[in-house]
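A.B. asks: These are the residues of each chain, in order.
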Amino acid sequence: AQSVAQPEDQVNVAEGNPLTVKCTYSVSGNPYLFWYVQYPNRGLQFLLKYITGDNLVKGSYGFEAEFNKSQTSFHLKKPSALVSDSALYFCAVRPFNDYKLSFGAGTTVTVRA
Amino acid sequence: NAGVTQTPKFQVLKTGQSMTLQCAQDMNHEYMSWYRQDPGMGLRLIHYSVGAGITDQGEVPNGYNVSRSTTEDFPLRLLSAAPSQTSVYFCASRTWDGDTGELFFGEGSRLTVL
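So the sequence lines, in the order shown, correspond to chains W and F.
Straight run, no breaks: the first sequence in this note's numbering ends on number 126.
Straight run, no breaks: the second sequence in this note's numbering ends on number 117.
Keep in mind the hints are simulated off the structure, nothing from the lab.
Just so you know, these numbers come straight off a predicted model, no measurement behind them.
In this text, a Cβ means the ideal position worked out from N, Cα and C, and glycines have one as well.
Be a bit skeptical, because a hint or two may be false.
[Stated by the list, open to error] Chain F side only, calculated, beta carbon under 8 Å to chain W, not exhaustive: (1) P11; (2) F13; (3) E33; (4) L48; (5) Y51; (6) Y67; (7) T103; (8) F108; (9) E110.
[Unchecked claim] Taking lysine to any residue pairs in the SDA-like style, the calculated list, with each CA pair at most 25 Å apart, reads: (10) W:K62 with W:V40; (11) W:K35 with F:G43; (12) F:K12 with W:A100; (13) W:K90 with F:P42; (14) W:K71 with W:V124; (15) W:K62 with W:F76; (16) W:K35 with F:K12; (17) W:K90 with F:M44; (18) W:K113 with F:G19; (19) W:K35 with F:E62; (20) W:K113 with W:T85.
Just chain W, same shape as in the assembly:
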């Protein structure tokens, strides 16, 4: 069975500073990896995904993520955070041969002005 760990419940950064949200995963076979963002009282919105190819994936709103197979990690990054990036971020994984997408517990990001 696959699993996702987001080791930090909360991440606090100042506006303009780099933002990193950590994610590690466990899965049999090749993983499909995803990041989603949830704003208060809303559904989840897709940010980016890694399927195959280049380990650095670029997504919406200036976010990117780096797939590291040896460390089984898929950390989300943004070079310069905005106050509007404050939200709940979820990492998710599924094996290439399975339908089911498993989510981490989520990381709350707060960007202070």
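Following the hints, position chain F against chain W.
C.D. replies: Same frame as chain W, now just chain F:
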């Protein structure tokens, strides 16, 4: 396109009552699923469907039923509500094209069981 539409947005039930959470999508997505979101636990898969007439269980299926009679609709039924089912429920769908598509989520249904 409306995307994924869930109703109701809020519901309060008494223990033992039954109800149905509705989910409809207008994107012709083959895959549909239901998740529940609880604090500190992320999203957990309840049931999913890969097409009309086909459903399967996820991680936490007990106490819930689903059916998929059309491509568009995927209702979630609570047979006899329990306080442990107090949660926020999300319906999500995706295309089957290439099997690498991302999920599209509804706005959620907040359920309280007293």
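A.B. asks: For each hint, tell me whether it holds in the structure or not.
C.D. replies: We went through each hint and held it up to the structure:
| no. | hint | verdict |
| --- | --- | --- |
| 1 | P11 | violated (14 Å) |
| 2 | F13 | violated (11 Å) |
| 3 | E33 | violated (10 Å) |
| 4 | L48 | holds (6 Å) |
| 5 | Y51 | holds (6 Å) |
| 6 | Y67 | violated (15 Å) |
| 7 | T103 | holds (5 Å) |
| 8 | F108 | holds (4 Å) |
| 9 | E110 | holds (5 Å) |
| 10 | W:K62 with W:V40 | holds (16 Å) |
| 11 | W:K35 with F:G43 | holds (16 Å) |
| 12 | F:K12 with W:A100 | holds (21 Å) |
| 13 | W:K90 with F:P42 | holds (24 Å) |
| 14 | W:K71 with W:V124 | holds (21 Å) |
| 15 | W:K62 with W:F76 | holds (11 Å) |
| 16 | W:K35 with F:K12 | violated (31 Å) |
| 17 | W:K90 with F:M44 | holds (23 Å) |
| 18 | W:K113 with F:G19 | violated (30 Å) |
| 19 | W:K35 with F:E62 | holds (24 Å) |
| 20 | W:K113 with W:T85 | holds (19 Å) |
Hint compliance for this structure: hints 1, 2, 3, 6, 16 and 18 are not met, and every other hint is.
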